[in-house]
Amino acid sequence: MSAHTSHTLRFHGRSADLAGMDLTVSAEARAALDRFEAVHGRAAPAAVREWFSLAQGAPVLREFGNDDAVFDADRLGREELYYWPEDDEEWPDGVEEQEERTIDPVGSLGLLPFMVENQGVWVLAVRLDGSEDPPVVISFDDVTPSATWHPHADRFSDLVHARIWDAPVHRDGVTLLLDEAVEPSALLETLRRDFTPGPATVDGTLRYHRDGDRQRVLLGQWRGRWYGTAWAADDTGLVSLLTAVDPTIR
Numbered sequence: 123m124s125a126h127t128s129h130t131l132r133f134h135g136r137s138a139d140l141a142g143m144d145l146t147v148s149a150e151a152r153a154a155l156d157r158f159e160a161v162h163g164r165a166a167p168a169a170v171r172e173w174f175s176l177a178q179g180a181p182v183l184r185e186f187g188n189d190d191a192v193f194d195a196d197r198l199g200r201e202e203l204y205y206w207p208e209d210d211e212e213w214p215d216g217v218e219e220q221e222e223r224t225i226d227p228v229g230s231l232g233l234l235p236f237m238v239e240n241q242g243v244w245v246l247a248v249r250l251d252g253s254e255d256p257p258v259v260i261s262f263d264d265v266t267p268s269a270t271w272h273p274h275a276d277r278f279s280d281l282v283h284a285r286i287w288d289a290p291v292h293r294d295g296v297t298l299l300l301d302e303a304v305e306p307s308a309l310l311e312t313l314r315r316d317f318t319p320g321p322a323t324v325d326g327t328l329r330y331h332r333d334g335d336r337q338r339v340l341l342g343q344w345r346g347r348w349y350g351t352a353w354a355a356d357d358t359g360l361v362s363l364l365t366a367v368d369p370t371i372r
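Position 136 of the sequence shown, counted from 1, bears residue number 258 in the numbering used here, the numbering being contiguous throughout.
Note that these hints are calculated values from the structure, not bench results. No experiment lies behind these values; they were computed from the predicted model shown. Don't be surprised by glycine CBs; every beta carbon is placed ideally from N, CA and C. Among the hints, erroneous ones may be present.
[To be verified] Computed beta-carbon distance windows for the label pairs: (1) A303 <-> Q241: 21 to 31 angstroms; (2) S230 <-> T358: 49 to 59 angstroms; (3) E150 <-> E222: 26 to 36 angstroms; (4) D210 <-> T318: 37 to 47 angstroms; (5) T146 <-> W206: 36 to 46 angstroms; (6) Q241 <-> E221: 37 to 47 angstroms; (7) R347 <-> Q220: 33 to 43 angstroms; (8) A168 <-> E221: 44 to 54 angstroms; (9) D356 <-> R200: 36 to 46 angstroms; (10) E185 <-> E218: 18 to 28 angstroms; (11) L310 <-> N240: 40 to 50 angstroms; (12) D368 <-> E212: 52 to 62 angstroms; (13) G326 <-> R132: 43 to 53 angstroms.
Kindly produce the complete structure, drawing on both the sequences and the hints.
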């Protein structure tokens, strides 16, 4: 099958370059996406189609992650199994045990799930709002009629870019010794002044980089506690990076 170059990708060129991807298009994946459109009577969002048409699209999202379950193209749009009554709802009189039911998240919820955390803690889905590069939402429930979904990224392409960008930082980065209870204002000032913002998500994670993305800092909060990680592509870069950011957090 034909191959893209990163310059011909409309939505994912930065991600492809960062991951060093082979951009061969999979005929099987394209056929699966065509079947999705025939079954659901709607086009797959352009950014979703572009990524999952690539032979390495789903595998790269798995590789640059934590062994999460990323759906292949032929899994997108399938019905999801859940148990009724749901655990957090009142059981009707006479119902003594749960029964298996299915839900079509595309038709019923306007959502296209594409990734499940490796222990089932969360599910990521594209919100099918008619845009070419739609937002990504996250649920900490299974895919059920009553699940609550929260904004995670403004665009699917942002989520892909952030996942690839984050992977070496999480895997090989150096933990910054922050005062977890206090916003690291001096560090943030330095990052905003001397670094370039990285890929954006709306979950509160902050990303900054310099030296052509070879030096990165990731900041975030979890349950009100700040954390930070620094990563560089080589030892010299890491020394330079820590020299720049360490004085701001002491």
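Verification of the hints:
1. A303 <-> Q241: 21 to 31 angstroms: holds, 28 angstroms
2. S230 <-> T358: 49 to 59 angstroms: holds, 54 angstroms
3. E150 <-> E222: 26 to 36 angstroms: holds, 30 angstroms
4. D210 <-> T318: 37 to 47 angstroms: Holds, at about 43 angstroms.
5. T146 <-> W206: 36 to 46 angstroms: About 43 angstroms separates the Cβ atoms of T146 and W206, which means 36 to 46 angstroms holds.
6. Q241 <-> E221: 37 to 47 angstroms: Taking Cβ atoms as reference, Q241 and E221 lie about 25 angstroms apart, which means the hint is violated.
7. R347 <-> Q220: 33 to 43 angstroms: holds, 36 angstroms
8. A168 <-> E221: 44 to 54 angstroms: violated, 38 angstroms
9. D356 <-> R200: 36 to 46 angstroms: With a Cβ separation near 43 angstroms, D356 and R200 satisfy 36 to 46 angstroms, so the hint holds.
10. E185 <-> E218: 18 to 28 angstroms: For E218 against E185, whose Cβ atoms are near 45 angstroms apart, the range 18 to 28 angstroms is violated.
11. L310 <-> N240: 40 to 50 angstroms: For N240 against L310, whose Cβ atoms are near 31 angstroms apart, the range 40 to 50 angstroms is violated.
12. D368 <-> E212: 52 to 62 angstroms: At 54 angstroms between Cβs, range holds.
13. G326 <-> R132: 43 to 53 angstroms: About 28 angstroms separates the Cβ atoms of G326 and R132, which means 43 to 53 angstroms is violated.
Violated hints, in rising order: 6, 8, 10, 11 and 13; the structure is consistent with all others.
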